[in-house]
Amino acid sequence: MASKVVRSAADAVADIQDAATLAVGGFGLCGIPDALIAAIAESGAGDLEVFSNNCGVDDHGLGILLSLGRIRRVTASYVGENKEFARQYLAGELEVELTPQGTLAERLRAGGTGIPAFFTPAGVGSPISEGGMPWRYAPDGSIAIASPPKETRTFGQKRYVLEESINADFALVHAAVGDTEGNLVFEKTAMNFNPLAAMAGRITIAQVEKLVEPGEIDPAAVHLPGVFVQRIVHTGPQDKRIEKRTITETAGAHR
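Everything in the sequence shown is counted per our numbering, starting at 3 for the first residue and increasing by one.
Errors might be hidden in some of the hints.
[As the list claims (entries may be wrong)] Heads up, simulated DSSO-like pairs for lysine-lysine below, C-alpha to C-alpha not over 27 Å straight-line:
id	residue 1	residue 2
1	K6	K160
2	K6	K190
3	K190	K160
[To be verified] Here are the simulated distance ranges between beta carbons:
id	residue 1	residue 2	range
4	A93	P151	24 to 34 Å
5	R89	E251	48 to 58 Å
6	P118	T191	26 to 36 Å
7	E218	T191	21 to 31 Å
8	P141	T252	44 to 54 Å
9	L70	G116	28 to 38 Å
10	V224	D17	40 to 50 Å
11	G48	I249	36 to 46 Å
12	T191	P123	39 to 49 Å
13	P123	R89	52 to 62 Å
14	F121	S5	19 to 29 Å
15	E251	A124	34 to 44 Å
16	E251	F121	43 to 53 Å
Hints were generated in silico from the structure; no laboratory data involved.
Positions of the beta carbon are idealized from the N, C-alpha and C atoms, including for glycine.
Turn these sequences into a full structure, and let the hints steer you where they fit.
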């Protein structure tokens, strides 16, 4: 069997072409596959469709691809930290599908487990289910593309909306530890979307801080089994940035 270990991030993403769909892990700037994103930026691939909880910040994470004009469409649940994202969306340069965070998580998980769609109460009675949310604006500020209405059904006297699962051409994830068979261990908040994004990718590429041999990870400690991972690249310790830093001065501190 061919090794899953790839020499570099550039080699790992070399076949990601224009118009590819990407499921990208991470939560805020925690646990984002920054080395893989940077490699895509260097590769020149564009017209990308991205599924991710958020779109990084202006100069880090997916924000790098966004600022280069490489992303055509984003499905996300939170985008409030990226000014360029807001500018492109309002200017009609970017198509955006906003979805409840739990719904996005379940759409990714469902895609990875072969479930084509599911019913959820989240968004019933709102534009999420009834349609009309602006996916893309025209340059004059009018709505060029609006979300369509979704099927709803009643179960036990409660209404639910049908949501379709997500499958992507590629998934990009970051893990604290991985073995050469692709079994991954995530750290703290990085657990939030990385395992789900990894499940949704037809080809999943994992960057890991620490690469070990099979058997060195306790099977009970594995968060994502290697069956979901096709490529793994050792990128070493990550530059762990935060979106905002707030400092509280202690009493009596000099100003």
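Right, here's what the structure says about each hint:
1. K6 to K160: violated (46 Å)
2. K6 to K190: Holds, at roughly 25 Å.
3. K190 to K160: violated (35 Å)
4. A93 to P151: 24 to 34 Å: holds (26 Å)
5. R89 to E251: 48 to 58 Å: violated (34 Å)
6. P118 to T191: 26 to 36 Å: Because 30 Å falls inside the window, the suggested range holds.
7. E218 to T191: 21 to 31 Å: holds (24 Å)
8. P141 to T252: 44 to 54 Å: holds (51 Å)
9. L70 to G116: 28 to 38 Å: holds (34 Å)
10. V224 to D17: 40 to 50 Å: Violated: the Cβ-Cβ distance is about 27 Å, outside 40 to 50 Å.
11. G48 to I249: 36 to 46 Å: Holds - the Cβ-Cβ distance for G48 and I249, about 39 Å, lies within 36 to 46 Å.
12. T191 to P123: 39 to 49 Å: violated (26 Å)
13. P123 to R89: 52 to 62 Å: Since P123 and R89 have Cβ atoms about 34 Å apart, the given range 52 to 62 Å is violated.
14. F121 to S5: 19 to 29 Å: violated (42 Å)
15. E251 to A124: 34 to 44 Å: Taking Cβ atoms as reference, E251 and A124 lie about 41 Å apart, which means the hint holds.
16. E251 to F121: 43 to 53 Å: holds (50 Å)
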